[in-house]
Amino acid sequence: MLKLNNVTAGYGSTTILHGISLEVNEGEIVTIVGGNGAGKSTTLRTISSLIKIADGSIEFEGEDITKIPAHKIVERGITMVPEARQLFPEMTVLENLQMGSFTKVARPHYKEKLDEVLTLFPRVAERLSQGAQSLSGGEQQMVAIARGMMACPRLMLFDEPSLGLAPIVVSQVFDVVKKIAASGTTVLIVEQNVFQTLQIADRGYVIENGEIGMSGPAQELMGNDHIRKAYLGI
Amino acid sequence: MAGGSKPPPLNQRSNWHGVLLAMDLIFTNLVNGLMLGALYAIVSVGLTLVFGIIKVINFAHGEFLMVAMFLVFFATAYFGVHPYVTLVVVLPLIFGLGMLVQRVLIEPLQDSDEHIMIFATVGLSIAMINLMLMLFGPDIYSTPSSGLRTVVDMGPAMFLTGQLNILIAAIALVGGIHLFLTRTQLGRAIRATGQNRAAAQLMGINVSWVYMVTFGIGVSCVGLAAVLIAPLYPTSPEVGQYFVLLSFVVVVMGGLGSISGALLAAMIIGIVDAFAGFYLGANVKDLVVFGIFLLVLIFRPQGLFGGARNMSHVS
Ligand SMILES: Nc1ncnc2c1ncn2[C@@H]1O[C@H](COP(=O)(O)OP(=O)(O)OP(=O)(O)O)[C@@H](O)[C@H]1O
Ligand SMILES: [Mg+2]
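Here the protein sequences line up with chains A and B, keeping their order. For the first sequence, my numbering begins at 1 and goes up steadily by one. For the second sequence, my numbering begins at 1 and goes up steadily by one.
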């Protein structure tokens with residue numbers, strides 16, 4: 001479904017990703033594991049086209065999307081739930097959700113999608129007219145995920161959705177990601193909670209200094225010595 | 001005054017008369033202030049919109065007003081129509097010019113240092129003034145007043161029909177922009193882009209287009225202002241500076257980027273301007289206006305009406 005071939009990218013003149021290759025198949029949950037500053041967010045931003053590719057290519061559903069601008073990537077069916085939620089702070093929760101279905105692909109499905117996300121997140125439903133800024137961190141994350149779902153994505157990218165949340169809320173977030181995957185959306189997720197993520201993931205990639213170090217089925221990675229030491233702290 | 005009763009002493013009579021006269025003057029100044037404020041509001045709303053969404057201080061805002069006033073002058077002369085009718089030519093032209101400036105000047109610099117952007121718009125302002133000086137010289141061009149300088153005498157207050165139209169237009173413009181930003185898909189996209197550019201892109205918003213439209217709308221406000229004031233004030237290459245200086249004061253006082261704040265601040269500045277101008281004279285007037293401005297900067301740097309905005313979400 002999604003294929004990165006030797007992707008090189010960075011910020012200005014600094015190269016962060018040095019030839020990343022990875023693949024996500026339809027229906028999978030794939031995770032990218034790596035230390036702080038390894039380039040996980042940069043990888044997701046490159047896929048969403050927020051960052052321009054310096055070299056290499058990206059394919060989605062068999063088509064080359066390397067040079068497609070960010071707003072067109074969403075129309076193609078890739079939506080990112082970014083790091084640190086990134087809600088529209090001075091808009092209400094409902095307006096944030098409306099922005100989620102901005103594309104002409106998603107707009108006709110607005111009503112049914114809204115029903116769907118409000119059923120999935122009853123707490124969001126109670127706060128529709130509240131300003132996004134006034135929500136708790138957990139609520140903001142739920143809105144960010146709901147907003148991402150409003151775009152009717154076939155592939156959802158999650159960048160550390162559990163960051164800074166209480167343990168109960170963290171497991172709620174993982175439940176939601178599982179539900180989204182179960183409903184047929186493919187998931188590529190970056191997480192600090194490596195253990196929990198590997199438990200729900202099918203496959204994983206380990207990224208170190210902007211390069212893929214290791215990859216394989218999630219079960220295998222969980223059993224790997226290096227990963228146990230470096231990321232699971234066991 | 002029958003019988004031997006004396007008429008009231010002269011000084012007492014003149015006091016009453018004086019009070020009435022003073023009331024009339026206060027009322028007249030108030031009305032004039034509101035109408036002046038309405039003009040500042042129209043100009044400031046465009047300035048604050050561009051700042052709030054694109055994060056650019058458009059120092060050439062006044063020059064768009066000046067160019068638009070020249071357009072009004074020539075369109076009126078060429079087609080022989082009422083100045084207000086030229087709106088149908090002036091608005092699209094100014095809107096297009098604004099989009100062009102955003103696309104070729106602002107956008108390429110958007111990710112560079114914000115000081116560069118100041119140089120860019122100041123440079124644009126100087127370039128526009130000099131271009132117009134080259135083309136039309138420092139002369140004054142008077143658009144026909146077409147009856148807009150007719151005095152309306154409403155008992156205590158007197159004003160021009162053209163001024164009343166400015167007040168009506170200001171209310172319609174602010175209301176219209178508010179509805180546009182909150183009720184339409186494009187308006188919401190504009191607000192979203194202003195609040196978080198990267199997140200807006202992730203929603204599928206073409207932010208580069210949104211910026212162009214926003215800049216176009218911002219300068220269209222002075223396009224509207226130009227049509228309203230050209231019949232009342234003479235046009236010259238420097239006219240923009242005159243009107244826009246106070247608009248920067250208004251925008252900062254209203255809270256950068258706040259449209260309702262700009263409206264209120266514009267009315268305050270308009271009224272202060274009118275009263276100070278009348279009672280203290282033209283020279284002291286600016287001292288008062290800018291004195292108030294400095295006080296606001298010192299005690300409420302976020303503006304009179306701007307809340308403590310949390311910009312940490314904005315990337
Ligand atoms: N906007 C930016 N401009 C310049 N450099 C950046 C920018 N964002 C990230 N970087 C740099 O790119 C590198 C990779 O950052 P990235 O955000 O991809 O890391 P990450 O793997 O997501 O880390 P974390 O777990 O801390 O989120 C870091 O060295 C970081 O300093
Ligand atoms: Mg990150």
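Don't read these hints as lab results, they were simulated from the structure. There could be a bad hint or two in this list.
[Claimed, not checked] Straight line, CA to CA, 27 angstroms or less: simulated DSSO-like cross-link-like pairs of lysine-lysine:
hint, chain 1, residue 1, chain 2, residue 2
1, A, 3, A, 179
2, A, 113, A, 52
3, A, 52, A, 3
4, B, 55, A, 52
5, A, 179, A, 229
6, B, 55, A, 72
Here is what the structure says about each hint:
1. A:3 to A:179: OK: residue 3 (chain A) and residue 179 (chain A) at ~24 angstroms, within 27 angstroms.
2. A:113 to A:52: Between residue 113 (chain A) and residue 52 (chain A) the Cα gap is close to 31 angstroms, so the pair fails against 27 angstroms, i.e. violated.
3. A:52 to A:3: holds (16 angstroms)
4. B:55 to A:52: holds (23 angstroms)
5. A:179 to A:229: This hinted pair is violated, its Cα atoms lying about 30 angstroms apart.
6. B:55 to A:72: holds (24 angstroms)
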